[in-house]
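**Q** Below, each chain spelled out in residue letters.
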Amino acid sequence: MQNLKTSRRTFIKSAGFISIGFTMFGSSCIQRSDATESEKISNNAVDASRVDAWLQILENGKVKILTGKMELGQGVKTAIMQVAAEELNTDLSLIEIHVAETGITPNEGYTAGSRSIETSAMSVRKAAAYTREKLIALASKELEVEQNALTLKDATISGGHKQISLFELLKGKQLTEKVGEPKTIFAKTERKVVGKPIPRKDIADIVQAKLHFIHDLRFEEMVHARIIRPTTYTSKLVSVDENLVKKEEGFKKLIKVGSFLGVIAEEEFQAIKMAKTIKENAQWENPDTLPANTPLKELIQFLPADTETDTASGDWESSIQQAKVQHKASYFKPYIMHAANGPSCAIALFKEGKLHIWTHSQGVYPLRSTLSSLLEMSEDNIHIQGVPGSGCYGHNAADDVAAEAAILAMHYPDKHVRLQWMREEENSWEPFGTAMLMQLEAGLDENGRIQGWKYDLWSDGHSTRPGRNTENLLPARYMDKGYKRPASGFRGGATRNAEPYYEITNMQLQSHIFTGPLRRSALRGLGAYANIFAIECFIDELAEKANIEPVDFRTMHLKDARALYCLQKLKTNTRNVKTAENEGLGFAFSRYKNSASYCGVAAHVFVDRKNGAVKVKKMWAVIDSGETINPDGLKNQTEGGMIQSASWALKEAVKFDENHITSIDWASYPIFRYNDAPETEVEVIDRVDQPPLGAGEAAQGPATAAIVNAINKATGIRIRELPVNQVLLKQS
Amino acid sequence: MKEAIKLKVNGLEQTIDTTPDTPLLYVLRNNLALNGPKFGCGLGQCGACMVLFNGKSVPSCQIPASAAANAEIVTLEGLADEAGQLHPVQQSFIDEQAAQCGYCTNGMIIASVSLLEENANPTDEEIRNKLQTNICRCGVHSRVIRAIKKAASL
Numbered sequence: 001m002q003n004l005k006t007s008r009r010t011f012i013k014s015a016g017f018i019s020i021g022f023t024m025f026g027s028s029c030i031q032r033s034d035a036t037e038s039e040k041i042s043n044n045a046v047d048a049s050r051v052d053a054w055l056q057i058l059e060n061g062k063v064k065i066l067t068g069k070m071e072l073g074q075g076v077k078t079a080i081m082q083v084a085a086e087e088l089n090t091d092l093s094l095i096e097i098h099v100a101e102t103g104i105t106p107n108e109g110y111t112a113g114s115r116s117i118e119t120s121a122m123s124v125r126k127a128a129a130y131t132r133e134k135l136i137a138l139a140s141k142e143l144e145v146e147q148n149a150l151t152l153k154d155a156t157i158s159g160g161h162k163q164i165s166l167f168e169l170l171k172g173k174q175l176t177e178k179v180g181e182p183k184t185i186f187a188k189t190e191r192k193v194v195g196k197p198i199p200r201k202d203i204a205d206i207v208q209a210k211l212h213f214i215h216d217l218r219f220e221e222m223v224h225a226r227i228i229r230p231t232t233y234t235s236k237l238v239s240v241d242e243n244l245v246k247k248e249e250g251f252k253k254l255i256k257v258g259s260f261l262g263v264i265a266e267e268e269f270q271a272i273k274m275a276k277t278i279k280e281n282a283q284w285e286n287p288d289t290l291p292a293n294t295p296l297k298e299l300i301q302f303l304p305a306d307t308e309t310d311t312a313s314g315d316w317e318s319s320i321q322q323a324k325v326q327h328k329a330s331y332f333k334p335y336i337m338h339a340a341n342g343p344s345c346a347i348a349l350f351k352e353g354k355l356h357i358w359t360h361s362q363g364v365y366p367l368r369s370t371l372s373s374l375l376e377m378s379e380d381n382i383h384i385q386g387v388p389g390s391g392c393y394g395h396n397a398a399d400d401v402a403a404e405a406a407i408l409a410m411h412y413p414d415k416h417v418r419l420q421w422m423r424e425e426e427n428s429w430e431p432f433g434t435a436m437l438m439q440l441e442a443g444l445d446e447n448g449r450i451q452g453w454k455y456d457l458w459s460d461g462h463s464t465r466p467g468r469n470t471e472n473l474l475p476a477r478y479m480d481k482g483y484k485r486p487a488s489g490f491r492g493g494a495t496r497n498a499e500p501y502y503e504i505t506n507m508q509l510q511s512h513i514f515t516g517p518l519r520r521s522a523l524r525g526l527g528a529y530a531n532i533f534a535i536e537c538f539i540d541e542l543a544e545k546a547n548i549e550p551v552d553f554r555t556m557h558l559k560d561a562r563a564l565y566c567l568q569k570l571k572t573n574t575r576n577v578k579t580a581e582n583e584g585l586g587f588a589f590s591r592y593k594n595s596a597s598y599c600g601v602a603a604h605v606f607v608d609r610k611n612g613a614v615k616v617k618k619m620w621a622v623i624d625s626g627e628t629i630n631p632d633g634l635k636n637q638t639e640g641g642m643i644q645s646a647s648w649a650l651k652e653a654v655k656f657d658e659n660h661i662t663s664i665d666w667a668s669y670p671i672f673r674y675n676d677a678p679e680t681e682v683e684v685i686d687r688v689d690q691p692p693l694g695a696g697e698a699a700q701g702p703a704t705a706a707i708v709n710a711i712n713k714a715t716g717i718r719i720r721e722l723p724v725n726q727v728l729l730k731q732s
Numbered sequence: 001m002k003e004a005i006k007l008k009v010n011g012l013e014q015t016i017d018t019t020p021d022t023p024l025l026y027v028l029r030n031n032l033a034l035n036g037p038k039f040g041c042g043l044g045q046c047g048a049c050m051v052l053f054n055g056k057s058v059p060s061c062q063i064p065a066s067a068a069a070n071a072e073i074v075t076l077e078g079l080a081d082e083a084g085q086l087h088p089v090q091q092s093f094i095d096e097q098a099a100q101c102g103y104c105t106n107g108m109i110i111a112s113v114s115l116l117e118e119n120a121n122p123t124d125e126e127i128r129n130k131l132q133t134n135i136c137r138c139g140v141h142s143r144v145i146r147a148i149k150k151a152a153s154l
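Note that the protein sequences, when read in sequence, are chains A and B. With my numbering, the residue at position 165 of the first sequence is 165, and numbering never jumps. With my numbering, the residue at position 116 of the second sequence is 116, and numbering never jumps.
In short, the hints are calculated from the structure, not lab data. Please read all numbers here as calculations on a predicted model, not as lab measurements. Honestly, I wouldn't trust all of these hints.
[To be verified] List of simulated lysine to aspartate or glutamate pairs, EDC-like, C-alpha gap at most 20 Å: (1) A/K618 to B/E125; (2) A/K273 to B/E3; (3) A/K210 to B/E82; (4) A/K618 to B/D124; (5) B/K2 to A/E721; (6) A/K273 to A/D306.
Generate coordinates for the entire structure from the input sequences, incorporating the hints supplied.
**A** Structure follows, in structure tokens:
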């Protein structure tokens, strides 16, 4: 047996831009780059119209793909590599991928809205197919062999008894020209790699504890920081006593910028203890309280709102009035949180006037521009590298923690400063998915057809990502620089899927956008989640009024053949389900954003009428995302989406008192655990001839609506507020 | 005050210089540079930091370093055999692609290894009960159950 003494860390130093780790247990955690730090900052804007922005040929015989998107656990790296492998007819083992990094990858904004396949993967596809055709033409001249006798395979072109590697052919250069239109897309003709369930290599890394997460980056002499949070969103720091911790072992620095307060220590647990001591003694002035005593559903309806009529067609009013059957209902969804399993984390280094940040932000470029304004330094001096974090499903505290680490690093230069939020901070300071209220009214004719439709929606703006506003970064408001609490966010997020996909002639849709009491930003699906919940439950209510089966009622009002096929498949896949007493089978459908994936969901629930507990036994989804890149990735996203949505529907609501959030851990903010999670079954409809469509958020809305509809089938009780209130389902 | 604490981690005896109240999680992650155990809540509610502690899966955030002396500690890094052959549970997680972001994966594998040690052929219900502590936000529960059943059959 070995007996090793490690008083602290053992480090291996590599030349130039370092980073480090050690390999005592055979698992490497070395993070290294051979470039020097100054070289590492390449602030030449990456020209996304050029081939080499997306694809580079490496000396080691491999091809490097660059994407501005981030891996969030959605498998985007694998999907993009598959697309490149297909067009280059090159084995996946010869493809590398580099994700979001300023100055290195194209600026693709945010990894959001289920858009990465539609945008980044398609840019890589075009660049790869163009490269194949261009390099075969070049090789034809070089090798003096006719083009049609040449084949590109595994990063080598061969034919006519000759061959040349792509690297040799380009003589170490890259294709810097604009990406031209390729003649052939192999994904449409050959389809050897695309459409296959290629396993994610990063899952193998994670399972073996190899370096993958930002949380595991370690640097020489890295120090650890924690933030001391105020009492309320708008608190001002009155006093803090540094002497409380100054003499503690490992203390490095207490950093105070206005009311922004952080402590740096040599070791992580030291920083945690110091932050706790300081928090217990710091004095804050708390000018405002949260409206904790007004029911949220009432509150949000009566806050000042910016009202817009988003859709108006036909005469909805008289169509409803003159209809045979009129029906009204309103639905409510509370604030819910991203609640990543791993609290947000960032590392920052300020050295020689340059700021380096490692972050799990979904948008390294927008973060850079916002930090540039917050920190009053040129973008040219800020370098941001994306490293995967814990699953976020939208805009959580990733950008906030990066900004905080950056502020701390600028006050403690020359050392890597690692900051990770604690569980309580993650739960109570992240920007939540906003509360929403949806009011619906419709009229049916004697055949059960919808004649008129009115929809009113109350919501906060949905995205307060950086890039829109410096105030969106949490520390901004505490720095005494005049930044305030940000105004309402992205209005368009609220009305996502507010317009039904059904054929309705006479319709009015109005949105009332308020600025709510809590921080809020983009959460998986944005407004689509609550809009689809409301519409798909209301559709079931109308079907019942019309005495028509819910799925048939939907198909009566749909024209799109793909939507109809999706529902038909869902019906077929669930036709043998038997529901016992107090059980129900519910359905829902939507086309995400009314332009992306088609997704139908069915849920089989059991309601225990003694206590009102809902058990989701099984959920089915049928999803049509056009051309499928990786069917297993699509299934994984859809299964996970349904389970997360079921958790939102049955368990989740952010609670707060007059000071702040009280849902501070997994006991006070319960989510689905193993005993809650349903069995899942997903069928993918692969349409090779169609463009690929965003899919990662498609299941959220229909999954909740299917559960609520199933509860109605099981009990006859119509639930209109989330999370489902068990008390209403109890049989006295 | 720091003191020297002897630990046995993944078969190696180590002497760590740390304050006795430092949770084992930070010692493993920061003193020993192990990536497996993750900080999730620090409250023993989520399972992200699980290690095998004398063969049982426990949250390492709840064990002070001083209480870990003389225990047999195995982390995710220590599951593969000396030849690098992965533990059947690790292999099944790969085969079933039973992860999305993967932050919870450490705890789920550790809990599953502990389960299969106690019960070579668990039912769905026994799997669910054992993993009830392990939070997963991505919703990979149904895949993980499949992976554990597969590992049990190997």
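**Q** Next step is simple, just say for each hint if it's right about the structure.
**A** Do the hints match the structure? See the list:
1. This hinted pair checks out: A/K618 and B/E125 have alpha carbons roughly 15 Å apart, not beyond 20 Å.
2. Only pairs whose Cα atoms come within 20 Å are accepted, and A/K273 paired with B/E3 is accepted, the gap being roughly 18 Å.
3. At most 20 Å may separate the alpha-carbon atoms for a hinted pair to count; A/K210 and B/E82 meet this at roughly 17 Å.
4. A threshold of 20 Å between alpha carbons decides the hint, and for A/K618 with B/D124 the separation of about 14 Å falls inside it, so the pair holds.
5. Taken as a hint, the B/K2 and A/E721 pair is broken in the structure, with Cα atoms around 53 Å apart against an allowance of 20 Å.
6. Distance hint between A/K273 and A/D306 is unfulfilled; the C-alpha atoms sit about 45 Å from each other, more than 20 Å.
Checked against the numbered hints given earlier, the structure breaks hints 5, 6 and satisfies all the rest.
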